[in-house]
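Protein chains in written order, with my numbering: chain E, 18 to 167; chain Z, 18 to 167; chain D, 18 to 167; chain H, 18 to 167.
Heads up, some of the hints might be wrong.
Because identical chains share one entry, a pair is satisfied inside a single copy or across any pair of copies.
[Unchecked claim] As a list, the in silico DSSO-like pairs of lysine-lysine whose alpha-carbon atoms are at most 27 angstroms apart:
#1 LYS147 x LYS29
#2 LYS147 x LYS130
#3 LYS129 x LYS29
Keep in mind the hints are simulated off the structure, nothing from the lab.
One-letter residues, chain by chain:
Number of protein chains: 4
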Amino acid sequence: MNEAAQDRAAEKRVRESFGRQSIMTTIGASVHSVRRGEVEIVLPFADHILQQHGFIHAGAVATIADSACGYAALSVMPADAAVLTTEFKINLLSPARGERLRAVGRVVRAGKKLVITMGEVFADEGGASKQVALITATMMVVDTGTGLQN
Amino acid sequence: MNEAAQDRAAEKRVRESFGRQSIMTTIGASVHSVRRGEVEIVLPFADHILQQHGFIHAGAVATIADSACGYAALSVMPADAAVLTTEFKINLLSPARGERLRAVGRVVRAGKKLVITMGEVFADEGGASKQVALITATMMVVDTGTGLQN
Amino acid sequence: MNEAAQDRAAEKRVRESFGRQSIMTTIGASVHSVRRGEVEIVLPFADHILQQHGFIHAGAVATIADSACGYAALSVMPADAAVLTTEFKINLLSPARGERLRAVGRVVRAGKKLVITMGEVFADEGGASKQVALITATMMVVDTGTGLQN
Amino acid sequence: MNEAAQDRAAEKRVRESFGRQSIMTTIGASVHSVRRGEVEIVLPFADHILQQHGFIHAGAVATIADSACGYAALSVMPADAAVLTTEFKINLLSPARGERLRAVGRVVRAGKKLVITMGEVFADEGGASKQVALITATMMVVDTGTGLQN
Chain E
18 MNEAAQDRAA
28 EKRVRESFGR
38 QSIMTTIGAS
48 VHSVRRGEVE
58 IVLPFADHIL
68 QQHGFIHAGA
78 VATIADSACG
88 YAALSVMPAD
98 AAVLTTEFKI
108 NLLSPARGER
118 LRAVGRVVRA
128 GKKLVITMGE
138 VFADEGGASK
148 QVALITATMM
158 VVDTGTGLQN
Chain Z
18 MNEAAQDRAA
28 EKRVRESFGR
38 QSIMTTIGAS
48 VHSVRRGEVE
58 IVLPFADHIL
68 QQHGFIHAGA
78 VATIADSACG
88 YAALSVMPAD
98 AAVLTTEFKI
108 NLLSPARGER
118 LRAVGRVVRA
128 GKKLVITMGE
138 VFADEGGASK
148 QVALITATMM
158 VVDTGTGLQN
Chain D
18 MNEAAQDRAA
28 EKRVRESFGR
38 QSIMTTIGAS
48 VHSVRRGEVE
58 IVLPFADHIL
68 QQHGFIHAGA
78 VATIADSACG
88 YAALSVMPAD
98 AAVLTTEFKI
108 NLLSPARGER
118 LRAVGRVVRA
128 GKKLVITMGE
138 VFADEGGASK
148 QVALITATMM
158 VVDTGTGLQN
Chain H
18 MNEAAQDRAA
28 EKRVRESFGR
38 QSIMTTIGAS
48 VHSVRRGEVE
58 IVLPFADHIL
68 QQHGFIHAGA
78 VATIADSACG
88 YAALSVMPAD
98 AAVLTTEFKI
108 NLLSPARGER
118 LRAVGRVVRA
128 GKKLVITMGE
138 VFADEGGASK
148 QVALITATMM
158 VVDTGTGLQN
């Protein structure tokens with residue numbers, strides 16, 4: 018495959034897997050863009066994902082941040098390998114408010130057993146964008162066997 | 018207040034705050050128990066909070082783990098102080114499956130500015146219990162001003 | 018091997034590997050005790066490992082905390098496998114002062130590819146002991162090949 | 018003060034504080050450069066800071082990474098405030114070998130109570146540079162009182 022074809026294959030794989038994550042439908046998140054090694058996920062502000070002060074709950078912020086990192090890792094995997102989050106750490110920089118959140122995950126180092134990733138979450142409002150979280154995450158590579166997918 | 022009265026006040030405060038977190042209703046989590054310094058949150062398995070392999074999504078695991086830690090911290094705060102998560106790290110030990118998850122958060126050190134907490138998440142199934150996650154979290158103490166609550 | 022023999026073999030392996038870590042001699046740390054799954058490392062207070070306020074530097078605290086966790090993981094490995102730290106997170110709870118520090122590392126979950134550990138660091142002074150740090154760490158299992166050791 | 022004067026004042030403050038950290042002399046680390054919000058620390062490879070396979074010990078990597086982050090935070094503090102590391106997480110990407118390590122710490126968000134930082138550690142060898150670690154760290158702002166310094 019040439020590069021453009023590889024990008025399309027990665028995007029197809031990420032979108033199909035994401036589509037099977039029921040929690041994403043539940044909170045209202047969607048895949049914004051996929052490049053090999055970088056995935057962006059969007060979460061519009063909504064009344065059913067908040068904490069007690071009316072901001073988006075840290076758990077929802079972490080959910081899309083982890084997901085952006087995990088799919089960034091998946092986007093560089095061969096077809097017979099998938100990834101699982103083994104750990105992540107998130108720093109919450111500011112209250113998560115605004116029109117929507119955008120989580121951008123990137124591969125820092127892709128090894129045979131582990132893929133190290135990092136990501137940022139931004140709150141978009143009125144054309145401006147403010148970083149609200151910083152994540153680092155380790156993905157474990159798992160062999161899916163012939164014909165299976167993540 | 019004597020100790021029992023303090024425990025009741027802490028429990029009342031935690032349950033009221035938790036009741037205002039719309040994300041908890043959305044995912045189906047509830048407060049199981051509150052003692053000063055230790056809070057337990059329960060999340061039954063449900064079809065709308067899963068990842069692509071049918072396990073409970075790491076984001077949902079993190080949501081209740083962070084929440085158990087945050088409310089453990091709140092349970093030791095004076096009435097005019099609240100807490101905000103500034104960071105957490107979670108290690109995911111095993112796939113989160115079973116009848117329900119149980120997150121237990123505990124205060125490790127309560128300082129004037131920061132409260133350090135840790136927690137464990139267990140998957141309960143058929144009377145057995147297996148640890149599926151380990152979290153450490155830092156809560157920032159915030160002054161709520163007279164009459165305000167977390 | 019029976020259990021006592023396995024404990025002795027684990028202790029021998031840990032002490033030999035530790036003895037090859039020149040940084041431990043440099044900072045003055047030593048192995049206090051080894052059981053399979055739990056290792057304790059001691060670091061006496063000394064003038065050459067301090068930060069600018071006269072406390073033991075967070076880097077030295079992290080060094081023995083990581084080491085206690087890594088050797089706890091090694092102590093449960095088969096003879097042909099070793100471990101490498103892939104990540105750790107440490108919360109520093111109090112200034113590290115006193116007569117000596119004691120880091121206790123424990124295995125939380127030993128998998129085929131990863132071993133999840135946690136540990137606590139205590140400052141001992143005048144018979145009293147105070148926790149000064151909390152660590153969680155992920156160790157990657159590596160095959161050493163026949164005849165090689167960690 | 019104009020910008021250049023502020024940069025010089027920040028550099029002076031960082032270098033004086035660093036000079037009082039005896040552990041840095043012990044391991045052989047030095048301050049390479051200081052800009053407000055970004056500090057670089059260098060650690061030459063040396064026989065007395067190694068782990069059992071002959072690489073620089075993860076503890077030494079963490080020591081300079083934490084220090085670069087802490088001094089990046091200090092470099093943006095007013096004269097009467099200092100910082101303390103409250104937590105850090107480090108991902109170790111590759112064995113730390115080469116001629117020297119270089120840790121670059123940067124401020125991500127400077128708040129009144131907390132400063133969130135991140136950093137990268139590179140191994141330099143023969144003109145090439147390879148990232149070997151990724152750190153995120155939270156610094157707590159502490160009031161030093163009149164006349165005191167970090």
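Results of checking the hints against the structure:
no.: 1; hint: LYS147 x LYS29; in the structure: neither (29 angstroms within a copy, 32 angstroms between copies)
no.: 2; hint: LYS147 x LYS130; in the structure: between (34 angstroms within a copy, 19 angstroms between copies)
no.: 3; hint: LYS129 x LYS29; in the structure: within (23 angstroms within a copy, 31 angstroms between copies)
In terms of the numbered hints stated before, the structure departs from hint 1 and from no other.
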